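The chain contents come next:
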Amino acid sequence: MAQGERPDPLRGLPPAIREEMRREFLEEAAALTEELETAVLALEREQDAETINAAFRAAHTMKGSAAGVGMFPISEFMHGLEDVLDAVRQGTLALSPAILGVLLEGVDHGRGLVRAVRDDAPPADLTEYRGRLEAALLDVDDTMLAGDGVAAATSPASDLGLHLLPALPRGGEADARAALADGAHLYGVRFMPALDTYQRGLDPLALLRSLAEDAQILSSRALVDDLPSLADLDPFECRVGHALVVATSASREELETVFEFGPEGSLVEVLELDPDSLEPSDPPESALRAGGSGWRRLGEILIQEDLVTEDEVERALARQAQGETIGDRTEAKVSATQGGDDRSVRIRQAKVDALIDLVGGLVTARNALLHITRLAENGADAAAVLRGLKETGGAINRSVTQLQADILGLRMTALRTTFQRMPRIVRDVAARQDKRIELETVGDDVEVDKTIAEGLTDPLVHLLRNAADHGIESPEERRRAGKPEVGIVRVAARREASSIVIEITDDGHGMSPEAMRRSAVSKGVIDAQTAASLTDAESLDLIFQAGFSTTASVSEFSGRGVGMDVVRTSVARLGGQVGVSSTLGAGTSVLLRLPLTLSVFRALLVRAGAERFAIPIDAVAETTSVPRERIETLDGHPVTMIGGILTALVHLSRAIGFAADQETDIGVRAAMEVVTLDVAGMRLGLVVDVLEQPQEIMVKPIDRYLSAGGALAGAAMMGDGSVALVLEPLAAVRAALARVNGSGTPRAGRARERRAG
Amino acid sequence: MIGKPYRVLVVDDSAFMRRYITRILESDERLEVVDVARNGAEAVAKVEALEPDVITLDINMPVMDGLTALSHIMTIRPTPCVMVSSLTQTGALATLEAFELGAIDYVEKPSGTVSLDIEEIADELISKVRTAARARLRRPSAIRQRRDAWRATR
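Line by line, the protein sequences give chains A and B.
Numbering follows the numbering used here, in which position 733 of the first sequence is assigned residue number 733; successive positions increment by one, without gaps.
Numbering follows the numbering used here, in which position 147 of the second sequence is assigned residue number 147; successive positions increment by one, without gaps.
Heads up, some of the hints might be wrong.
SDA-like cross-link-like pairs, simulated, lysine to any residue; straight-line CA separation at most 25 Å [to be verified]:
hint	chain 1	residue 1	chain 2	residue 2
1	A	K700	A	S589
2	A	K351	B	D117
3	B	K128	A	I17
4	B	K128	A	A231
5	B	K128	A	D234
6	B	K128	A	K351
7	B	K128	A	R602
What the simulated footprint calls covered on chain A by chain B, stretch by stretch (three residues with Cβ under 8 Å from a Cβ of chain B suffice, anywhere in the stretch; the number is not a length) [stated by the list, open to error]:
hint	segment
8	57 to 66
9	640 to 647
These are computed hints drawn from the structure, not numbers from a lab.
Since we're looking at a predicted model, the values are computed, not measured.
A virtual CB, placed ideally from N, CA and C, is assigned to each residue, including glycine.
Pulled out of the complex, with its shape left as it was, chain A reads as follows (with noise of 0.2 Å):
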């Protein structure tokens, strides 16, 4: 890890702990740009001061977190971003779309620092990025150090530095006009207590609040300017003046008077001002924080109100005191190791709740269990028994069903940050391709397995990043078809029994099927003959074959299609299948349809060898008994018609490489069972011995060495307390058609294009 020059702050802790805390860092670093992204994307649409000050937060934290661990070039660098952040907070900087753009970069190359620490790789060198940030800073305006919505009425040769003044709020405006209109003044003030004010045990805000009793505050604002440095401060001195812009009836010697109170010392300039210079501008972050004093006790409105009595809110407190009410919001942090590595889960604190009240009631049950137990043994009668144990029984049952169901949901998460990251591919694709595009996002609460989500993401990106890329056509083009110039990409999440379907739609060219068959013949993915036999809709599924298309070849017509082959591939890994649909000149859609969990799902059992296996029930086209006179032999290998197209069949032993093939000759026996596998559009029929019963099974990972090169993708222990060796399909399919073609290369999916006939 690069130190630079500076120690490392944590070396005195042991090198565990040490590790941890870097972890831990690293982890909430993940988060925190993630979160600074959200804000600055946000700021593009609209800047409002709570977004300005989270994205402060983000990179104030990360940057104080940073320099704890001793990973200094993040907190360095993260110092910069949250020095623009600052000015722009305090409305001396503004928000220009350059800056934003600044910014976002900045997100980058922080995400990138956080990733090389992790990676172990030579921070980036950003030299020429933060001499731009800094230039950036420099922008800094003047003559926006509030103030600027006021001028003075009199003499601008006073001695009162308007500058100083505070501008007003938002809606000050028309509390100012409302109080002018009822014959008020407004004055700008500008009062500096004397350095000795404390020792004389006095409190300047309370002259302020003396002030409030004669004036309107409309706005105020601390001038610090004479603080020095926190170690040069002398906490006794009182040196933080005030200025305020304030309504009211009383003339300026009146006004004045109010200070006469005040200690001796004290500089007090007062400044009738021009009413019709007003211009409100963003409150400063006093005025936000003076709002969080206005916040009232809920037990106390509903007092009030007569809604509730006060021992209602006694005991209502009472509870909540036990914990039984708060704390849905919070969230604890689980650890859940796989695997070896370190991967840890978020899990709203409601949800462990939930659990330990499951654990709560199986703790009943067991001790019900003793006591009958006990009955059982001081000899009572056996009907009484048996009722107790089947009622305990259904207890215990109903307790680990829904336990199994909770625990299974703690590896759910929602969608919401795989989309986050959504806004800003389109964003950079539509501004580098000087197009127009909106993006939708639906369903972004929809929860999923962990694993999946963070398996999506791939693909999800890949596919946004071509619907906007090759989908949506130029503003120009767009306008000549009769569009509206802005493009639609569309992502929306959303459940269906037990799977996730995700769609992602694009209002673009869409896709020609005739394009695409002439298109895949050229480069020799089907030839003429097959060609001619796809229907429509199978045409556009060409898009998925591997080499269809390659980053040379994207053309008009074809409109996308950039690695979709391996969006195919990383979606089936998952378990999941996609498939496209398009009109041309409307649009295209693409279609996921992902399983919620990978770790419950039902499989088929079969026996092959001295072995059971499981295989997952979706990638099951369907099974079938095939006759020992149906199975023909091509190229020296076994195939046969099933469903109508020809498929080639392997013994489950052999393609996983458990068996040498004299073990599983096909065609000894009269007829053999054949589970049909369709697998990221690869087909093979796989022979087995005994076909069982489909059944939910739950898989525990095995050690690598086991997995049979990575066909195996765990194993599943079965209700008998046998095991059952889970396939994995893809992997499975792969090395069979490997071994079929007698090459590493399968040849995948030829079987679909020699369709029947």
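Got chain A; can you put chain B on it based on the hints?
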């Protein structure tokens, strides 16, 4: 060990910092972190529910910042607070405001420019939190006035 440990509430919006501070405080046998809060509003609620002996309070937090939380805490249940924040120019002002509102002490977080060894921060934090926990608090005058005004309205 003499007597029961002081019960500490740690308030910070950064999960990393919450663990960082908790780790430091729990290394001292006289201190026990009873809970953490992620923002001022949570802190106020937890002060009422848990009645901690001492609080470490970050200043810059979402939902409700540390200064606002401090003024609420000093109103509803005056509890010694040690501000734990990083020093910036605006931070210095906020720190003064915190003292005015009744905070007992201030500990500087590590920051981009100043980096302190965790051992130094730990020594400072532990000693300040222990000292603060022993402090007997009166409501500061500003708060007392606010409370009196509030009572007058009831």
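Verification of the hints:
1. A:K700 <-> A:S589: Judged against 25 Å, a Cα distance of about 36 Å means the pair is violated.
2. A:K351 <-> B:D117: Violated. K351 (chain A) to D117 (chain B) sits at ~38 Å, over the 25 Å cutoff.
3. B:K128 <-> A:I17: 24 Å, holds
4. B:K128 <-> A:A231: Since the Cα atoms of K128 (chain B) and A231 (chain A) sit roughly 18 Å apart, the hinted pair holds (cutoff 25 Å).
5. B:K128 <-> A:D234: Given pair K128 (chain B), D234 (chain A) holds - Cα atoms ~19 Å apart, limit 25 Å.
6. B:K128 <-> A:K351: Violated, at about 37 Å.
7. B:K128 <-> A:R602: Between K128 (chain B) and R602 (chain A) the Cα gap is close to 59 Å, so the pair fails against 25 Å, i.e. violated.
8. 57 to 66: Satisfied; 7 residues make the cut.
9. 640 to 647: violated (count 0)
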